[in-house]
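Novice: Fit chain F to the known structure of chain L by using the hints.
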Amino acid sequence: MASKLSVADLDFDAIKTNLKQYLQAQSEFSDYDFEGAGLNILLDILAYNTHYNSFYLNMIANEMFLDSASLRQSVVSHAKLLGYTPRSTTSSQATVNLTITKSPADTTTNLLLPRFTQFYSQAKDGQSYGFLTVDDALISNVGFTFSFANVSIKEGVSASYVYQLNTSTNPKQVFELPDSEIDTSTLKVIIQKSSTETEKTVYTLATDATEVNSDSTVYYLEEGSAGKYRIYFGHDVFSKGLSNGNLVAISYIVSSGPAANALNKFKLVSQILSGSTSSVNTVSNSSGGSTRELIDSIKFAAPKSFISNNRAVTKNDYIAMINKKYPYFDAINVWGGEEESPPVYGKYF
Amino acid sequence: MSTVTVREYKDFDLNFGIHPITKDIAKKTGANAVVQALRSIILMNHYEKPFHPEIGSNVRKLLFEPVDPVTANILAAEIKIAIANFEPRATVENVFVVENLNRDGFDVTVEFFINNTARPLVVSFFLERLR
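One line per chain: the protein sequences are L and F, in this order. Positions 62 to 410 (this note's numbering) are the ones given, in order, by the first sequence. Positions 310 to 440 (this note's numbering) are the ones given, in order, by the second sequence.
Simulated from the structure, these hints should not be mistaken for lab results. Bear in mind the structure is a predicted one, so any value in this text is a computation, not a measurement. Each residue gets a CB set at the ideal place from its N, CA and C atoms; glycine is no exception. Take these hints with a grain of salt, some might be off.
Unchecked claim - Pairwise CB distance ranges (calculated): (1) L:K360 <-> F:N367: 47 to 53 Å; (2) F:F405 <-> L:I106: 55 to 61 Å; (3) F:L439 <-> L:F126: 47 to 53 Å; (4) L:M120 <-> F:N341: 41 to 47 Å; (5) F:R348 <-> L:S129: 44 to 50 Å.
Isolated chain L, as found in the complex:
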């Protein structure tokens, strides 16, 4: 006859059996093993409650470690401790040559191709995709034509937001971006002193904490708990912070990921010069679009990224860095020059 309650089981039936065995030691109530008895119903409640708590604790314990976590926000949080920001959705990228021919009466000599100039692609599976330029480009005319060579265009929809910092409501200076499918490589953060002082400073992404100081104009990026990205600043300690009333202008591309790969025909949505005609020649088809990094990939890459610490020394360092930079590669093979015949020491392939 068991007089001690076993507490090692998690399963409902095993917990209930343990409770029944425990009750065998007393004679006050005896009907615990008949399904209709009141005592049995009470055991159901106790066993269910114990099972519920056990399951909950088991899940909490799982989420506490990178290896066993199953929720994305837990995995991302563990990766954060290793200094690893999971890869965002990546826009498919194409390269085109754009030629603008102005009308003979037009006296324009310099033409700006602004960031987020819109192109559209041919339809794929019944859907056409929008592509955007990522940077400004300025060129002069040659005769009646303006030739923009090797223009990189990325698939997606542009989004721009301007926030005014209020240090009393946002003392941590954290700004959560409203979209989740952002290609973070297209993020551009510009700080304006205030709505009256128009001096602007472009802040760049901080990638290495050892290379910034209190005057560095950098922002930090992390994935938030709801899968949305947050940017924050260095509070004049790690890097330059913001002041009350600063305007934070954030722009980026929201991407469709791999759906827009393998497109090769593009057209300008609207003419950037009135009365002109344009032609677009594709230099390279769209490629490289991928979804945001999956949980398994984060679990694999975060420790390796931590080991390599942005240095490529061993074979695994190269694999981690290539994997981070080119997420759409299916497989990567790296070997040392010493394995070549004849050996090429000091190089990796």
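Specialist: Using the frame of chain L, we list chain F on its own:
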């Protein structure tokens, strides 16, 4: 000389009555405990017991069917099956279910034996839907 240990059935009262002297929760013992368990089994829906959807009967659902002899017969069969499956202490002799049109429900009488006893027991109750 051999001795036989007879297990006494002891359960607590599902009405949570108070014992007049000890002020402890009231108990149901012997046949009363079995009768209380029978009522629980009959009124228990499938999926009501955690992780054991097979335990229970279909009686509650049948109470929403027309109050007529056909439903009464099905109810009687359902009660017999439920007791036979889930109350090993009782052996059902007869189940009588009679429709009561005036009260919009069924009069149920269950005749059964508690195992290892010779005296038959009769339990009567009225089944009606609550909504």
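Novice: Each hint should be assessed against the structure and marked as holding or not.
Specialist: The hints, checked one at a time:
no. : hint                          : in the structure
1   : L:K360 <-> F:N367: 47 to 53 Å : 48 Å, holds
2   : F:F405 <-> L:I106: 55 to 61 Å : 34 Å, violated
3   : F:L439 <-> L:F126: 47 to 53 Å : 50 Å, holds
4   : L:M120 <-> F:N341: 41 to 47 Å : 43 Å, holds
5   : F:R348 <-> L:S129: 44 to 50 Å : 46 Å, holds
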